[in-house]
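Number of protein chains: 2
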Amino acid sequence: MQTLFSRKVGPKALPWVLKSLKDYQTTSPTPILGPDLPDIWKPPALYRPLFGTDLLDQPVATVIDGKSIAEEIRSGISDEVRRMKDTIGMVPGLAVVLVGQRKDSQAYVRNKIKACQEVGITSIMAEFPQDCAENEVLCAISKFNGDPSVHGILVQLPLPQHMDEEKVLNTVNLEKDVDGFHPLNMGNLAMRGRDPLFIPCTPKGCIELLLRSGVEIMGKRAAVIGRSNIVGIPTSLLLQRHHATVSIIHAFTRNPEEITREADIVISAVGVANLVRGYWLKPGAVVIDVGTNPIEDLSSEHGYRLIGDVCYEEALQVASAITPVPGGVGPMTIAMLLSNTLDSAKRAYRFS
Amino acid sequence: MQTLFSRKVGPKALPWVLKSLKDYQTTSPTPILGPDLPDIWKPPALYRPLFGTDLLDQPVATVIDGKSIAEEIRSGISDEVRRMKDTIGMVPGLAVVLVGQRKDSQAYVRNKIKACQEVGITSIMAEFPQDCAENEVLCAISKFNGDPSVHGILVQLPLPQHMDEEKVLNTVNLEKDVDGFHPLNMGNLAMRGRDPLFIPCTPKGCIELLLRSGVEIMGKRAAVIGRSNIVGIPTSLLLQRHHATVSIIHAFTRNPEEITREADIVISAVGVANLVRGYWLKPGAVVIDVGTNPIEDLSSEHGYRLIGDVCYEEALQVASAITPVPGGVGPMTIAMLLSNTLDSAKRAYRFS
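Protein chains in written order, with my numbering: chain L, 6 to 357; chain G, 6 to 357.
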C-alpha cells in the first residue's frame, strides 16, 4: 500500500522545510520545551458594533451570582468547622505569609483572614518588610510546616523581585499547599487516575460555579483564555477532567475570537479589560470572567473601579449566563481557600 | 451599568439549572475533579468517500521519515557517548524492568536494549515472572536508584493487574525517570517557567519530528486526539509550550472531525485503527500518527500488520506531510529514550 501511495523521502526534500539536514543535531535548534516568550496581548480595538448592529435593547444572559453561591459554600464550611470543633475539639488553621506593602496584596490578605474568622478557621499571619531576606520567609514557612495547628500555608504573590518564587513556594509542605501551586499537585491534576491533594482555588471556584449553576460540562467545547500557572492552565486541566473538549487560547493564538466563538463555555483569565467582545461569543455560551482589571472611574470612591476581561454589556446580550466582576469568581476563590483548608484539617485529624 | 443590563438572580432562578439550591453542599454532587470515565471510542464508520468523491489519483502529502530522522539523532547520541567515554571514562546506563511474558512488551524491551547497545549505552535488565510479588519489583527499582552507573530506569508497562502501577512508578528516583512519567515531571511540563527533568519520550519524539521537519508550531492550531498520561496529555502540554493553540479531543468530544479539521497540526494517539479519516483533515495539515494498531493481514509473516490511527491512504491526499506507521513516531520514541538517558548521565557526571 505504502509504495503505491506515498513518496517516501527524507525531510531534506520536504517543500516546507525551513532548516536543512545539516542542522540536524542531537538537540534541535528550537529548544524542545519551547521558546520562553512573554504573553503580550494587544488591547482590544475600540468599540466595534455587535454583529454589525448597535447594542440590542434587552440583555439575554442570566447573571451567575458568585457572591451568593460563595456564601452558601462558606455557610456549609462554617457548619463543618463547628462540627469538627464539637466532635474532636480542633479547628482548621491557615497561615498567611505577606511580604511587602503592596496595597492590593494587603487587601487580599485582609479579606482572606476576615473570611477565615467568619467560618471559625484560625488564621496566623507572618508579615515581612519588602527588603527582608528570603531566608526569613523560608524560616517562617518551615515553622508553619512543623506546626500541627496549621493546615494550610498561603504565600501571597507576587513576592519581591529579589526572592525566588519557585524556591519559596516549593518550601511549603505539600500537605499544607492549600493554594495547590506545587508542581506535584499540578502533575496529579493533569494525569488521569491521579488526584492532587489540593485543586488551585480560582480554577476550583470556576468549576464549582458551573456545577452549582447546573451547567453541563461533559462533551461541551470550552475555551480557556489565558494560560497562567495559577488560573489558565489548571482550569483547562480541570475542565478536561470533566470531559469538556478544551482549547487554550493565549497571546500567540492567531484568531482568538473565532475559537472562542466555537465554545459553549468560555473562561477568561487574561487581565486585559474588555478583551473578549460580544462578537467573540457563541450565542448561548456560558461565560466565567476571572479578570479583575482596574479602570479609571472618577465617579467612584477610589478613582477607579474593577472590570473583567469580558465586555460585560455586550456579553449580556449574547451569552446565556455570565459572572459579573466584581461578585463572580472573586468570592469563590476565597471560599475555595477555606474549603481547601478545611479539607486539609480533616485529612490531618482523620476527621470525616 | 450592572443594574441597567443585568438581572441579578441567584442560581435558583436560572432557567438551565438542573439541581436546586437544596442540593448545595460544601462539596457539590459532581466530584470537583470530574467523573472518572473510560474513553471508549466508537470504531470508525466503514469507507466514506473523501469529499464525496472517490480517492484522488495522486497523493499530495510528503512522508515524514521518522526512521531516518531517528537514525540521525541516534548517530548524534552515539558521538556524544563516545566523547563522554573518551573524556571522563564513563558511559550512560539504562536499567529496564520487565514483568511478565507479554510478547509486545518483550519486543519493545528487546528493541530498546538493542538501541542502547548501538549507541554505546550500557543496559541492565531485571526480568520478573507475571506472578511475582510487587515488593520484588520495588526492591529492584530501589537497587537501581542507588546504583551510580544507572542513569535511567524504565519500567515496561503495562504491569500485571495485581501491581499498583502508580506506586511502582513513583518508586523510580526522579533523577532517573527517563520516561518522564512522574507527576512532578508532568507538573513542571505543564507550568510555565518550570522545566521538567525529563520530557516523556513519545511526546518529545513527536515535537522533534515537527521541529526537525521545519514545521512551525508557534501560533498554529493543533489538535491532539487522545488524552493518555503517556502521550496525549504531555504532547498537548509540550505543544502549548511551543505556543501552539491546542485543542484536546477525546472520546467525549461530540464533533471530533470538525475540531480536527480546524487544525494545522494533528497528533493522534488513540489506538483505534483508521479513526481519523481524510475528511477529518484540513487540506495542508501536518499529521503525526502515534497509533500502532495490529490488524489482520494473512499475507504478512505473522498474520497481522500495524497501522496507525489515521487512514493513511486518505490522509496522503489531504495532508501536506504525514508520518507513516510503522517508521514514523515509533523509532523516535526509542531515540528520545536514549537522548533522555544521555542527558541524565551528563547531569550526573556534570559533563557538558
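It should be emphasised that the hints constitute simulated quantities derived from the structure, not laboratory data. Check each hint, because a few of them may be wrong.
No copy labels: a pair is met if it fits in one copy or bridges any two.
[Unchecked claim] In silico BS3-like pairs for lysine-lysine, Cα to Cα no more than 30 Å straight-line:
| no. | residue 1 | residue 2 |
| --- | --- | --- |
| 1 | Lys47 | Lys108 |
| 2 | Lys47 | Lys119 |
| 3 | Lys148 | Lys47 |
| 4 | Lys351 | Lys172 |
| 5 | Lys72 | Lys287 |
| 6 | Lys148 | Lys72 |
| 7 | Lys47 | Lys287 |
| 8 | Lys108 | Lys172 |
To see whether the hints hold, each was checked on the structure:
no.: 1; hint: Lys47 <-> Lys108; in the structure: within (27 Å within a copy, 55 Å between copies)
no.: 2; hint: Lys47 <-> Lys119; in the structure: neither (37 Å within a copy, 52 Å between copies)
no.: 3; hint: Lys148 <-> Lys47; in the structure: neither (44 Å within a copy, 54 Å between copies)
no.: 4; hint: Lys351 <-> Lys172; in the structure: both (28 Å within a copy, 24 Å between copies)
no.: 5; hint: Lys72 <-> Lys287; in the structure: within (26 Å within a copy, 44 Å between copies)
no.: 6; hint: Lys148 <-> Lys72; in the structure: neither (34 Å within a copy, 55 Å between copies)
no.: 7; hint: Lys47 <-> Lys287; in the structure: both (22 Å within a copy, 28 Å between copies)
no.: 8; hint: Lys108 <-> Lys172; in the structure: within (24 Å within a copy, 45 Å between copies)
Consistency note: the structure conflicts with the earlier hints numbered 2, 3, 6.
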